[in-house]
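Next come the chains, spelled out residue by residue.
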Amino acid sequence: MPLSPHLACHGYGKGAGIFALMVWLLLLPVAGFSGDEIVPEIIAGTNRVDAEKLIELESRSNLVIIDSRLLVDRRQGYIEGSVNLTDTVTDCDSLAAVAPDVKAPILFYCNGPRCPRSARAAGIAQACGYRKVYWLRGGFEEWKQKKYPYIKK
Amino acid sequence: MRFPRLSLRTFTTLLLVVLSMALVLLSGEIYRSVAHENQRHALMDLVKLKATEALTDLESQLLDIGLAIQLEPEFRRAFERKDTDRLNFELDNQFNQYGVATGQVKLLRLSAYDLNFALMAQSSAELIDAGRNVIICPSLLERARARTGTARLQTITELCPVAGGRPYYTVLVPVGGLHPVGYIQIVADPAQSLRSIDAALGMPVRISLNDGSEVFRSSTWQDQDAAQNKLISSYTLTDEHGGSVLKVSAMTDISAFNRDFAYARNLVMGIGGAITLLAVFVAILLLQKTTLKPIDLLTRQLRVVRQDRKHLGEQVAVQGDAEVSELATVFNEMSGELDKLYHTLERMAFTDALTELPNRARFQEMLLQAISLSRMRESRFGLILLDLDGFKEINDTLGHHVGDVLLQQVSERLKRTIQSINIVCLLGAEDDAPDVLAGQEPVMARLGGDEFAFLLPALTNAQEIMTVAREITETLQTPFVVEGNTVAIGGSVGITLFPDHGEDGETLLRRADIALYIAKNTRNAYALYDPAHDQNSVGQLTLRAELRNAIDTGELVLHYQPKLHIKTGRIQGVEALVRWQHPLHGLLMPPQFLPVAERSGLIGVLTQWVLVEALRQHNVWLRAGLDLKVAVNLSSRVLYDLRLPDQIAHHLMRFQVPPSSLELEITEDAIMIDPQRALEILARLNAMRIKLSIDDFGTGYSSLGYLKRLPVDEIKIDKTFVMEMEQSRSDAAIVHATIDLAHNLGLNVVAEGVESEGMLSMLARLNCDTVQGFYISRSMPGDRMQEWLSKSSYTQHEAMIAEGV
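Chains as they are written, first to last, in the numbering used here: chain A, 16 to 168; chain B, 1487 to 2291.
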């Protein structure tokens, strides 16, 4: 006996619904733990700068430069005078250890524009009360590409 | 030079094949060169990529070295103190530390500069020709010096222009990081790094300087000349200003490629050739179907029609494109019309329009067919010629229209007669196979005028044919009724038999004509040809054909015989006598051709000619001072023609001759045949004051009493009486009595045949008015008359005689 159109339609709709749910569940954790976390163009309350601005800031103030990368990345070369403080260990205490004065300018960078560590660290610094937070969004990639000298050990 | 004529098809095929071969070869050649060029380009891109990669690697290695050196505390200390010796030492130290050739990097020199790019120190290794304290690649320093701001912090790199026959690759690194105190320059050999391309590409590599001098060559490198199946591609590295520094060439073995390529090319050419041939084939097929085949069909039909016109009008079914279809339609239409026209012409050419019977040409053709058929079957057939008697008179008196209708009726009646004979024949031949009967139907034709002919193939002996001939003549004896006129005519028939009387058509027809002539002359209705006829009749028949021609070509002449008026001794007039100056038979006398003229209907034309000629001559004489009356003989045959008086009047007018100067001589029988009509004509002539005389008087049956009724002025006593007059008393008595009687009736008397003086004096005694004969003069041409008159004792002028007497 043939199925009525209503039954056939209902059965199909139910199957599609279950399939869509499964896809969503599968995609959810991938999005959550992906390294491709979307890096914002700007971070409210911080100053986004380029390599030239960094050089200028460094030359006229006691700028603290924080390298938010993992140590393994830092070994590929780093900006001279920067301090390594990986974002995962960045908090108000660790920040206070390298930059005790919250009124002094502080700059964060990491690998490049797709690296979220400096952004995250800059956010933490802001939360810890630093007034002049600077963010080199282009990171070490921009630095190296512009042929500025770096340190590699 | 002569080329063989090619048909459109062959020419097109050859052209297309040649074109397609050229196309295939060309495409193969283009394919080959394009393929090689592509290969070369691909290889060059590869060389460029690898060379750029090698230099980028070199730059990054040199940067690492530079950045590391400037960070060295000992070096930094010496630099900051500007301790040149110490710096030299440190640079040598560093130079040695990084090795003369660490892997692919071959360091050549390390130099230290202050912030103003003044040379402070240099490594001392003598690896290059340049001595100490020489700035290598000054262009790099110039570029560095030109920078401002943060750019001064940047490291810069350069592939230097060739100096001292060597290429240099150099990097300038600031000393002191973000707070530079000077610069360090690392110089290396780029060729050393580029060698690695060899391994990276897996190909032999050759590196040369801008001047062509070789810097490096792989052990497996082969010279271009020896490089069979090798493809060499080069990339030139340039300095900042675009000047060439190094040329990197790579060599690849393309034998495999060539092999593959040859295969591919052959495949391309093969497929191209196959496609082209297919296209050619299809094109030819189309051409064949749409154009060539239909045209071929039409051409073949034309050839067929040329061979046998029976095929005219046959329609040719042609399939093709629009133009060809139209051509075929026009061709078919034309063929059909030609066919119709041909049949019409054929009918016109072979059919007598009046009676719808076959004409002479057709009859002759049928005669030939009958002859060949009879020869084949060894059979006989009969030929009948029929000539209507008195048709000419009917035509002249009742008009041509009546004559035509009569001919139609005659042919209809004869057709029925023949058909009934045919039925009898077919019944008689019942036992024969039907094919034997083919071509055995009697044939009837109108040969022209009142002449008909019959072919009787089924009749085999003379007796049967004579029977048919009799039937034919008897059929005609019943009078015809044409438009209210009852017309009685007769017919004469001549008969010949094949092969008895002739083996060919011409002979049969000619002999049938002779037989016909005999029938007419013997007053029999029909006659079978008899060889005895030939002797006396052939000449006559020939004359008949020639006479018509003679009148036109001037073979006829008039001679004139003088008539002497006895009492005055004056030549009063002449009698015109017609002669025929025949090209073969010489001068012919009237009895030799006049009967022919009368039978063949030429007498009318002849009479007209004689009248005109006589009047013309009269005029000539008149102008010469001779007034001679002219007498012209009228045949009894022309006395049927009611048009005659008018015609004579016309001629008199034309030559300005008074009617009294013309005499017309008629015979007695002329009036006997159709007295009423003859009387009417004579009365009209008399009314015109033309003198009329009865010729040959005494030979006929007319009585003098009868003469009274005639409007004649004169009688001419026949010469037979006159000539016998001296010997025969009875003839003399007849002449005497005739003269007396004529005088009593008021008629003049002319005596003909006067041959002696005795006769003349006798006639003078009998009171004869005029004499004519050899004694006076024989007849003579008109132009001799004057001469004769002047020599003779006779005169022409009445007055002169009167004076003389």
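These are calculated hints, taken from the structure and not from any lab test. Given the structure is predicted, the values throughout are model-derived calculations rather than measurements. Glycine included, C-beta positions come from ideal geometry on N, C-alpha and C. Take these hints with a grain of salt, some might be off.
[To be verified] Just some of the chain B residues that point at chain A, by a computed CB distance under 10 Å:
{"no.": "1", "residue": "G1552"}
{"no.": "2", "residue": "A1554"}
{"no.": "3", "residue": "L1557"}
{"no.": "4", "residue": "P1559"}
{"no.": "5", "residue": "A1632"}
{"no.": "6", "residue": "Q1640"}
{"no.": "7", "residue": "I1642"}
{"no.": "8", "residue": "E1644"}
{"no.": "9", "residue": "V1648"}
{"no.": "10", "residue": "V1667"}
{"no.": "11", "residue": "H1797"}
{"no.": "12", "residue": "L1798"}
{"no.": "13", "residue": "G1799"}
{"no.": "14", "residue": "Q1801"}
{"no.": "15", "residue": "A1803"}
{"no.": "16", "residue": "Q1805"}
[What the hints assert, rightly or not] For lysine-lysine, the following BS3-like pairs were computed, each having C-alpha atoms within a straight-line distance of at most 27 Å:
{"no.": "17", "chain 1": "A", "residue 1": "K161", "chain 2": "B", "residue 2": "K2277"}
{"no.": "18", "chain 1": "A", "residue 1": "K162", "chain 2": "B", "residue 2": "K2053"}
{"no.": "19", "chain 1": "B", "residue 1": "K1592", "chain 2": "A", "residue 2": "K161"}
Exercise. Sort out which numbered hints this structure fails and list those numbers smallest first.
Key: 4, 5, 8, 9, 10, 11, 12, 13, 14, 15, 16, 17, 18
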